[in-house]
Each structure stands twice: as C-alpha cells, then as structure tokens.
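Engineer: Here the protein sequences line up with chains A and B, keeping their order. FYI, the numbering for the first sequence is 34 to 391, going by the numbering used here. FYI, the numbering for the second sequence is 463 to 758, going by the numbering used here.
The set of hints was computed from the structure by calculation and includes no laboratory data. Don't be surprised by glycine CBs; every beta carbon is placed ideally from N, CA and C. Accuracy of the hints is not assured; some may be wrong.
[Claimed, not checked] Straight-line C-alpha distance at most 16 Å; calculated EDC-like pairs for lysine to aspartate or glutamate: (1) A:K230 <-> A:E204; (2) A:K285 <-> A:E307; (3) B:K585 <-> A:E281; (4) A:K94 <-> A:D362; (5) A:K218 <-> B:E722; (6) A:K285 <-> B:E595; (7) A:K100 <-> A:E166; (8) B:K627 <-> B:E647; (9) B:K585 <-> A:D384; (10) A:K234 <-> A:E204; (11) A:K287 <-> A:E307; (12) A:K285 <-> A:D305; (13) A:K225 <-> A:E184; (14) B:K585 <-> A:D305; (15) A:K127 <-> A:E204.
[Claimed, not checked] Quick look at which bits of chain B chain A covers, simulated, 3 or more residues with Cβ under 8 Å: (16) 465 to 475; (17) 603 to 612; (18) 661 to 674; (19) 677 to 689; (20) 721 to 733.
[Said to hold, decoys possible] Sample of chain A residues lacking proximity to chain B, with all beta carbon distances greater than 12 Å (derived): (21) K168; (22) H241; (23) S336.
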Amino acid sequence: MNIAGRLISAAILGGGLLAGTAIAQDSVRIGAVNPYSGPLALYGDELARGYQLAINERNAKGGVLGKRIEMIRGDAGNPQQGIAAVDQLVTRDKVEILIGTYISAVSNAASDAALRHQKVYWDTNALAAELTERKLPNFVRSGPHGANFAEMSVRATVEMIAPAIGKKPNEITVWLEHEDSIYGKTIADVQKVEFEKAGVKITGIGAHNFRAADLTDVVLRARRANPDVWVQTGYVPDGNLMLRTAREQGYKPKMILFVGTGDTFETLDALDTEYLEGLFVVSYPRPDVAEKFGPGAAAYLDSYRKAYNREPVAPQGMAAFTGMHMLLDAVAAAGTTEMTKVRAAAKQLSDRLWREVR
Amino acid sequence: METLLNVLVVGILLGGIYGLVSIGLNLIFGVIRIVNFAQGELVMLGMYGAFLAYSMLGLDPYVSTLIVMPAMFLFGVIVQRVAIQPLQAESSMQIFATFGLLTVLQNVVLVFTRGEGYSVATKVASFSIAIGEIRITGTHLIILIAVTAISVLLHLFLQRTLMGKSIRAVTQDRQAARLMGINVERTFMVTFDIGSALAGLAGALIAPIYTLSPGIGDNFILAAFAVVVLGGLGSVAGAWAGGMIVGIVEAFAGYYIDPELKQAIWFLIFLLVLVIRPTGLSGQVGAEEVGFREQS
Numbered sequence: 034m035n036i037a038g039r040l041i042s043a044a045i046l047g048g049g050l051l052a053g054t055a056i057a058q059d060s061v062r063i064g065a066v067n068p069y070s071g072p073l074a075l076y077g078d079e080l081a082r083g084y085q086l087a088i089n090e091r092n093a094k095g096g097v098l099g100k101r102i103e104m105i106r107g108d109a110g111n112p113q114q115g116i117a118a119v120d121q122l123v124t125r126d127k128v129e130i131l132i133g134t135y136i137s138a139v140s141n142a143a144s145d146a147a148l149r150h151q152k153v154y155w156d157t158n159a160l161a162a163e164l165t166e167r168k169l170p171n172f173v174r175s176g177p178h179g180a181n182f183a184e185m186s187v188r189a190t191v192e193m194i195a196p197a198i199g200k201k202p203n204e205i206t207v208w209l210e211h212e213d214s215i216y217g218k219t220i221a222d223v224q225k226v227e228f229e230k231a232g233v234k235i236t237g238i239g240a241h242n243f244r245a246a247d248l249t250d251v252v253l254r255a256r257r258a259n260p261d262v263w264v265q266t267g268y269v270p271d272g273n274l275m276l277r278t279a280r281e282q283g284y285k286p287k288m289i290l291f292v293g294t295g296d297t298f299e300t301l302d303a304l305d306t307e308y309l310e311g312l313f314v315v316s317y318p319r320p321d322v323a324e325k326f327g328p329g330a331a332a333y334l335d336s337y338r339k340a341y342n343r344e345p346v347a348p349q350g351m352a353a354f355t356g357m358h359m360l361l362d363a364v365a366a367a368g369t370t371e372m373t374k375v376r377a378a379a380k381q382l383s384d385r386l387w388r389e390v391r
Numbered sequence: 463m464e465t466l467l468n469v470l471v472v473g474i475l476l477g478g479i480y481g482l483v484s485i486g487l488n489l490i491f492g493v494i495r496i497v498n499f500a501q502g503e504l505v506m507l508g509m510y511g512a513f514l515a516y517s518m519l520g521l522d523p524y525v526s527t528l529i530v531m532p533a534m535f536l537f538g539v540i541v542q543r544v545a546i547q548p549l550q551a552e553s554s555m556q557i558f559a560t561f562g563l564l565t566v567l568q569n570v571v572l573v574f575t576r577g578e579g580y581s582v583a584t585k586v587a588s589f590s591i592a593i594g595e596i597r598i599t600g601t602h603l604i605i606l607i608a609v610t611a612i613s614v615l616l617h618l619f620l621q622r623t624l625m626g627k628s629i630r631a632v633t634q635d636r637q638a639a640r641l642m643g644i645n646v647e648r649t650f651m652v653t654f655d656i657g658s659a660l661a662g663l664a665g666a667l668i669a670p671i672y673t674l675s676p677g678i679g680d681n682f683i684l685a686a687f688a689v690v691v692l693g694g695l696g697s698v699a700g701a702w703a704g705g706m707i708v709g710i711v712e713a714f715a716g717y718y719i720d721p722e723l724k725q726a727i728w729f730l731i732f733l734l735v736l737v738i739r740p741t742g743l744s745g746q747v748g749a750e751e752v753g754f755r756e757q758s
C-alpha cells in the first residue's frame with residue numbers, strides 16, 4: 034500500500050472510531066470489576082457471562098433509561114488492581130456505574146474508589162459481612178454474604194440433617210473445619226455462635242491453609258472427634274483434597290456439609306459419585322434449582338447454554354445475572370444513574386420484595 | 463499407639479511427595495546452583511502433561527511418564543538455551559529470569575485452562591493397604607518407591623558415570639573442569655534438562671492426588687527449596703532425608719499441635735538446622751558457597 038492509500042485507510046479507521054464513540058455516548062456504560070486474568074479468572078469470567086446475559090435481555094427490551102446498556106471489563110485480582118480498574122473505567126471509559134465481584138478484598142477497595150468518583154458500586158457476589166457494615170453511601174449488595182451461608186448451614190444441619198439421622202438438634206455433634214483466610218474464618222465464627230444457640234455440640238474447630246500439600250492431619254483430627262456432621266468451608270482445591278484424603282483414610286462421617294464450594298464438576302471429577310453421596314452443599318443458588326425455589330433459574334440455564342454453548346462453570350454466574358437485573362431495575366426506578374438516587378431506589382425495591390416474600 | 467504409627471506412616475508418605483518434587487530442584491539448585499523459582503511450574507507442567515495424556519489418549523498417569531519425561535527434558539533444553547545459558551555469568555539475573563519464567567508458564571496454562579480445576583484418574587487410587595488404623599494408599603506408595611529408586615539411581619549417576627563426574631567437576635570449579643576438557647556448557651544443559659525431566663516425572667506421579675490448577679506449583683516450591691537446603695545442597699541422600707524430615711514433622715505437628723502451625727514448625731526446625739549446620743544435614747563444608755563463587 035502506498036502512502037496515500039495508508040492515509041485514506043487511517044482516515045476511514047479514524048472516522049470509524051469517532052463514529053463508534055458517538056454511538057457509545059448514547060449508551061449506559063457499566064464497568065464490571067472482576068479478575069479476568071490470573072488464577073482467579075475462572076469465576077471472574079463466569080460472573081461477566083452472567084452480567085452480559087442480563088444486559089442482552091434488557092437491551093432486547095430497549096435497554097435502560099432509553100439507552101442501550103454496555104458492559105466494559107476492568108481486570109482486578111487484588112485490591113490495588115481494583116482501585117486502578119475503577120479509576121480507569123471511570124476516567125477513560127466513562128462508565129456511570131460499577132459492578133463486581135466475588136473477591137471481598139477487591140470489592141472493598143473498588144467500592145471505596147468508586148465512592149471517590151461518586152459512582153454506585155453494585156456488589157453481586159462478595160461474601161464478607163464487613164462490606165455492608167462500612168455503610169458506604171454508594172454501596173449496594175444484591176447477593177448473599179458470609180453470614181447467610183453460615184446461618185443456612187446451621188439451619189440445614191438442625192432442620193434437615195438432624196431429622197435425617199434420627200437425632201434431635203441437641204443430640205448431634207459437628208466438627209467445624211475452615212480454610213484459614215478471612216473468608217473461612219468469618220463463616221466459621223458465625224457458625225460457632227449459631228450452632229451453640231441451637232444447642233448443637235461442637236466437637237472441634239479446625240483451620241487449614243487451602244494451598245496445603247496434605248490434609249491428612251485435618252481428616253484424622255475430625256475422625257478422632259467422631260462428629261455426626263463434618264462441616265467444611267473452603268475452596269475447591271482444599272475441599273477436593275480433603276474428600277480424597279478422607280476416602281483414602283476410610284473416613285466417612287454420617288453427613289458432610291460443604292459451605293461455598295463442592296457442587297461443581299471440579300469436585301465430581303475429583304471423586305467418584307459413590308463417595309459424594311451424603312455430601313450436602315450450602316452455596317449460591319444453582320441454575321438447575323427447582324423452579325419452585327428459584328423462579329427463572331431454568332430460563333437462565335437455557336439462555337446460558339444458548340449463548341455460551343456449554344454448562345455453567347459455577348452457580349456464581351446466576352447470582353451475577355440476577356444482580357445485574359436488580360441493578361438495572363433500580364436504575365430504571367430511579368430514572369438516573371446518580372449514586373444516591375439509585376441507592377434509594379434499590380432500598381425501595383428491596384423493601385417491596387421483602388414485603389412480598391413475607 | 464496405632465494412631466501414632468498411622469501419623470508416622472502419613473509423614474513418611476508425605477515425605478515421599480516432598481522428596482519427589484524436590485529431586486529435580488536438587489540437581490538444578492543443589493548441584494549447578496541455579497535458583498530456579500520456576501521449578502514448581504515444571505512440576506505443574508508435568509501434571510498437565512499427565513492430564514493431557516489421560517484425557518486425549520486415555521493413558522494412565524503412570525504410563526504417561528514415558529511421554530511426559532522426554533517432553534519435559536526437551537522443554538528443559540529450550541528453557542536452558544533461551545533463559546538460563548545467556549545469563550550464566552549473572553546468577554542474580556538468572557533468578558529474575560526464573561521468576562519471569564514462572565509467570566509466563568502460569569499464565570500460558572491459565573489461558574488454555576481458564577483456571578478450571580482438572581483431575582486425573584488412575585485405577586491405583588482405589589488400591590490401599592489397611593492395617594488397623596494405618597492406611598497406605600497406592601498413589602502415595604508408588605511415589606515413595608519412585609523417589610527412593612530415583613534417589614539411588616541419581617546418586618549412582620553422579621558418582622559412577624562420566625557425565626555425573628563432569629557435573630560434579632563443573633560445579634566445583636568451572637575453569638579447571640574446562641581445562642580438563644569437559645564441555646561446561648553441555649554439562650550444565652544436560653543437568654538442567656535432567657532436572658526438568660525429573661520435575662515432569664514428579665508432576666505426573668502426584669497428578670492423581672491433587673486438583674490441577676495453573677498455580678499449583680507454588681504449593682510445593684517453598685517446601686522443595688527447604689528440602690534441598692535442609693538435606694545439604696547437591697546431596698541426593700540428604701534431599702531424600704530432608705523430604706522425610708519435613709513430611710514427618712508436618713504430619714506430627716499437624717495432628718498433635720495444629721494444622722495451621724505445621725509449616726511454621728518445620729520451618730523453625732529448618733532454621734535451627736541451618737544455624738547449627740549451615741551446609742545442611744549431608745552437605746560438605748563450604749559446598750553452600752561453591753556454585754556462586756565459581757560462576758563469576
């Protein structure tokens with residue numbers, strides 16, 4: 034290509050970019066803060082798939098505030114990257130709202146950074162209770178938090194597992210195992226309080242590093258205490274290693290209850306289905322949950338399969354999908370993306386939902 | 463008493479894992495003194511190699527070692543030629559290069575797997591010996607046998623063969639070795655490649671125990687360095703013993719004290735050994751300096 038040809042191409046390309054920018058200004062831009070690279074990217078990508086599905090549905094119905102909705106990704110695997118991602122999304126990409134993520138530490142830093150820009154930070158998946166305890170004026174949480182998981186695991190033990198093994202709540206014993214970061218510890222702390230309130234005897238509490246090369250000690254300590262229910266809060270690698278080790282050691286308590294993970298193909302691949310019989314999981318609602326308990330879940334699963342030609346990687350994607358819909362409902366109700374108005378609209382929607390549920 | 467014996471057995475089997483993942487590093491760091499922080503990633507590649515052989519060819523991970531080891535040997539040739547050899551006069555730069563390699567390998571695997579956790583199945587996993595409370599699983603037993611056999615073979619290789627003697631000579635005094643007609647560059651390359659192949663072997667053998675992830679090498683690298691230093695740099699028997707010590711201490715500390723403290727406890731012992739005997743348990747006096755001194 035000669036110089037004149039290159040100049041013409043550059044002019045066309047430049048014109049195209051300018052036209053693109055002009056079109057983009059007619060859209061509501063949402064910055065999605067998640068890890069999209071590094072070892073945490075698997076679930077970051079899954080959350081973004083959930084967001085995008087919700088956006089596609091809304092755009093098919095005319096978008097929000099009369100504009101198309103556009104998602105722009107901000108890659109963040111740690112708090113520093115979370116702050117940088119928010120700054121970049123707001124100043125360079127001109128996003129009006131921020132949404133994210135399943136890593137509490139990133140959510141903490143990113144929402145703080147969003148407040149400095151006076152933008153809403155809509156949290157769909159992070160679990161740490163302290164995120165809402167900060168009472169930031171721009172922060173809204175649409176997903177569950179750690180205490181919900183802890184309380185649900187106690188309810189599951191008392192209301193479902195105890196009758197199944199023919200015992201009253203004050204007759205059953207539990208061992209609380211958790212990975213030793215703030216995620217596992219905060220959930221175990223709430224579990225301890227709630228189990229004691231319910232009169233359940235805790236035979237021991239164990240903590241381990243989720244990167245440990247061996248968890249036989251963890252298994253043997255639980256076996257020594259001989260609980261009816263073995264409760265574990267952790268990640269996929271340590272959960273799988275623990276179950277494999279327990280199987281090798283010939284240890285199978287009456288019931289095993291996993292919190293947070295344990296219901297993905299990663300665990301199914303790691304262990305045979307026979308050993309997984311009797312394993313209960315408290316986690317995010319699954320896309321294949323019965324329609325009675327999760328209205329709309331089947332439709333989500335259907336559209337996920339159509340869009341991505343595969344099964345969902347993890348249930349966190351559906352929480353992200355619902356969270357994005359809730360955010361767009363709040364924006365539509367507020368009639369603006371302005372921080373305080375969106376938050377007020379979210380509260381009204383939340384109050385209305387609770388009234389309907391009750 | 464039976465519990466105590468079971469914990470001891472668990473510790474020995476765990477020591478086998480630590481010894482196995484350290485054996486390649488013992489050559490690369492212990493013998494030719496390359497501080498290879500990417501050693502855990504070489505083990506990780508071995509694990510994924512076993513997974514690929516299993517998922518694409520239906521091969522048992524133990525059979526896949528016949529493919530994984532030569533592949534990792536060739537990979538070692540490339541790494542050594544591209545990243546290590548050009549920096550042979552800059553040992554500190556080599557360290558940074560291995561850090562770079564670590565990041566590159568983790569992220570390349572991440573791109574292909576998107577972080578999904580994979581598992582490798584083997585029929586051996588269902589085999590175990592049970593004597594009362596004591597359980598010896600097939601996967602762990604194979605690792606223990608493998609690490610012991612490889613240690614013996616490696617010792618014989620370093621002591622009895624011409625190449626083994628060349629490796630030791632180059633480590634002790636590169637210039638004198640060159641004057642004696644030893645091809646120094648080739649010797650370094652072969653040593654690195656064998657270390658890489660052994661890391662691949664370790665990865666394939668431990669793959670049935672763990673859920674594979676791109677960052678899994680990080681779980682082993684700290685322990686591997688500790689084992690090599692504790693045993694005595696370059697001492698094959700020392701590294702075997704170092705692995706056993708770390709495994710047994712970890713098993714007892716984890717069961718009788720606290721799983722959260724087990725790593726801190728064996729690192730405390732590691733520090734004590736270094737203070738009392740800086741060359742490690744089986745290292746020669748002055749050996750800890752040799753490699754660095756002679757590389758300049």
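Engineer: Does each hint fit the structure? Answer for all of them.
Structural biologist: Verification of the hints:
no., hint, in the structure
1, A:K230 <-> A:E204, "holds, 14 Å"
2, A:K285 <-> A:E307, "holds, 11 Å"
3, B:K585 <-> A:E281, "holds, 13 Å"
4, A:K94 <-> A:D362, "holds, 13 Å"
5, A:K218 <-> B:E722, "holds, 12 Å"
6, A:K285 <-> B:E595, "holds, 14 Å"
7, A:K100 <-> A:E166, "violated, 34 Å"
8, B:K627 <-> B:E647, "holds, 15 Å"
9, B:K585 <-> A:D384, "violated, 55 Å"
10, A:K234 <-> A:E204, "holds, 8 Å"
11, A:K287 <-> A:E307, "holds, 14 Å"
12, A:K285 <-> A:D305, "holds, 14 Å"
13, A:K225 <-> A:E184, "holds, 10 Å"
14, B:K585 <-> A:D305, "holds, 12 Å"
15, A:K127 <-> A:E204, "violated, 58 Å"
16, 465 to 475, "holds (count 4)"
17, 603 to 612, "violated (count 0)"
18, 661 to 674, "holds (count 3)"
19, 677 to 689, "holds (count 6)"
20, 721 to 733, "holds (count 4)"
21, K168, "holds, 33 Å"
22, H241, "violated, 5 Å"
23, S336, "holds, 21 Å"
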